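The listed protein sequences derive, respectively, from chains A and B.
Following the numbering used here, the numbering of the first sequence begins with 1 at its first residue and continues without gaps.
Following the numbering used here, the numbering of the second sequence begins with 1 at its first residue and continues without gaps.
Take the hints with a grain of salt, since some may be wrong.
[As the list claims (entries may be wrong)] Here's a subset of chain A near chain B, in silico, CB distances under 7 Å, partners left out: (1) G38; (2) G43; (3) L44; (4) S47; (5) A48; (6) D52; (7) K54; (8) V104; (9) R191; (10) I215.
[To be verified] Taking beta-carbon pairs under 7 Å as the criterion, some of the chain A residues facing chain B (in silico): (11) A55; (12) K58; (13) I83; (14) M189.
None of these hints come from the bench; they were simulated from the model.
A quick note: this is a predicted structure, and the numbers were derived from the prediction, not measured.
All residues carry an ideal CB built from backbone N, CA and C; glycine is no exception.
The lines below spell out each chain.
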Amino acid sequence: MITAERKPISEIKEMIAPYRKVLVVGCGSCVAECAAGGEKEVGLLSSALRMDAKASGKEIAIKEMTLDRQCVYEFIDQLTDVIGQYDVVLSLACGAGVQAVAEVFPKVHIVPALNTTFLGETKEAGLWVENCRGCGDCKLGVFAAVCPVTRCAKGLFNGPCGGSRTDRCEVDPDVPCAWQLIVSRLEDMGRLDLLRKVHPPADWSKQQGKGPRKIYREDQRT
Amino acid sequence: MDKKGAGLHITVFFCRQLDPNQDVNRRSLERELGERIRFFPLPCSGRIDPLHLMRALESGADKVYLITCPEGACHYREGNIRAKKRIAYTQSLIEEIGLERERLELIVTSAGNPATIDELARGLLAREASIGTSPVKGKQA
Numbered sequence: 001m002i003t004a005e006r007k008p009i010s011e012i013k014e015m016i017a018p019y020r021k022v023l024v025v026g027c028g029s030c031v032a033e034c035a036a037g038g039e040k041e042v043g044l045l046s047s048a049l050r051m052d053a054k055a056s057g058k059e060i061a062i063k064e065m066t067l068d069r070q071c072v073y074e075f076i077d078q079l080t081d082v083i084g085q086y087d088v089v090l091s092l093a094c095g096a097g098v099q100a101v102a103e104v105f106p107k108v109h110i111v112p113a114l115n116t117t118f119l120g121e122t123k124e125a126g127l128w129v130e131n132c133r134g135c136g137d138c139k140l141g142v143f144a145a146v147c148p149v150t151r152c153a154k155g156l157f158n159g160p161c162g163g164s165r166t167d168r169c170e171v172d173p174d175v176p177c178a179w180q181l182i183v184s185r186l187e188d189m190g191r192l193d194l195l196r197k198v199h200p201p202a203d204w205s206k207q208q209g210k211g212p213r214k215i216y217r218e219d220q221r222t
Numbered sequence: 001m002d003k004k005g006a007g008l009h010i011t012v013f014f015c016r017q018l019d020p021n022q023d024v025n026r027r028s029l030e031r032e033l034g035e036r037i038r039f040f041p042l043p044c045s046g047r048i049d050p051l052h053l054m055r056a057l058e059s060g061a062d063k064v065y066l067i068t069c070p071e072g073a074c075h076y077r078e079g080n081i082r083a084k085k086r087i088a089y090t091q092s093l094i095e096e097i098g099l100e101r102e103r104l105e106l107i108v109t110s111a112g113n114p115a116t117i118d119e120l121a122r123g124l125l126a127r128e129a130s131i132g133t134s135p136v137k138g139k140q141a
């Protein structure tokens, strides 16, 4: 899941200040799960912006709408009939969603209400943690489904560093040592042999350095 | 009722476990104050959502109360603890738009002093008002 957090309202107000008709659009997928950009958050933000405008004596019309996804054309198309009635779209999607909507409606100003943060999981109610960097060269099969690139503060492929204390990371004692988890899990599975191999440095060219990445699947195309 | 708060519009969300006869007991106050008071009984104060509180303020409430059962006495164990967190979250949100956090207030009832919902509400209305009319009402207020 892609996680995000709402921007400060002062920043959002600055972006929509020149406009009078605002379409606030949520996304019902990842950012709804992390309570940042779903239907409820669209309601909260819209309500706050309307109240702020009334208190300041400003005339502003705010309409609320939530798409199931803002990163897929079939869902974005639901905006086609309404978007022309508004001066600006305030998107509560991740950065991918904001750009996808802007790609479909290049003449409309689409502005982000969220700061996209990381790929992660819902650990418990109200807690989301990063566990994937999208490096393009997944090694979870070797490391007992614990990503050392993301979850080890030092990003070690050949750990542990030896600095952990009582199973906690020496960099941040709130975080479990990723290498402690890797070793314990592999031990439980009887697969400590997987750690005999020395891993070369990660091939970061699969993640960065070549501009935006692309996945192309001929079998999925129409 | 205190003069300073005489003209304020009040919205009261409350846990209906507090008063089994709330449906009857709140009527006299509703008749007395008309549209200046609105009651919203909840199955548990933990049902409250920040969106309820925001919509109440947006709809013209000058002050919004959420009345919960005493701590440790929630019928559903932790509803009133969640209610407290949601009030705090919404207070932060309204502060971002320049509204006073006092416009939202959590009232935790006392275990030793059971009261009907109208008695509880009259007690709140009798307090000295710490805020005036909401700026959200703009010039229509």
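Hints, verified against the model:
1. With a least beta-carbon distance of about 11 Å to chain B, the hint placing A:G38 at the interface is violated under the 7 Å criterion.
2. Checking A:G43 against chain B: minimum C-beta separation of about 5 Å stays under 7 Å; hint holds.
3. With its C-beta approaching chain B no nearer than about 6 Å, A:L44 sits inside the 7 Å limit, and its interface hint holds.
4. Proximity of A:S47 to chain B holds as hinted, the smallest CB-CB distance being about 4 Å (cut-off 7 Å).
5. Hint status for A:A48: holds, given a least beta-carbon distance of 5 Å to chain B, under 7 Å.
6. Checking A:D52 against chain B by beta carbon gives a least distance of about 4 Å; that is within 7 Å, so the hint holds.
7. For A:K54, the interface hint holds, since its Cβ comes within 7 Å of a Cβ in chain B; the closest pair sits about 5 Å apart.
8. The interface hint given for A:V104 is broken, as the beta carbon of that residue sits about 29 Å from the closest beta carbon of chain B, more than 7 Å.
9. Look at A:R191: its Cβ only gets to about 41 Å from chain B, farther than 7 Å, so that hint breaks.
10. Taking 7 Å as the C-beta contact cut-off toward chain B, the hint placing A:I215 at the interface is violated, the least distance being around 37 Å.
11. For A:A55, the interface hint holds, since its Cβ comes within 7 Å of a Cβ in chain B; the closest pair sits about 4 Å apart.
12. Interface hint status for A:K58: violated, as the beta-carbon distance to the closest one in chain B is roughly 9 Å, over 7 Å.
13. At a threshold of 7 Å, the smallest CB-CB gap from A:I83 to chain B is about 25 Å, leaving the interface hint violated.
14. Against a cut-off of 7 Å between C-beta atoms, the interface hint on A:M189 is violated, since the closest Cβ of chain B lies about 37 Å away.
Comparing the model with each earlier hint shows violations of hints 1, 8, 9, 10, 12, 13, 14; every other hint is respected.
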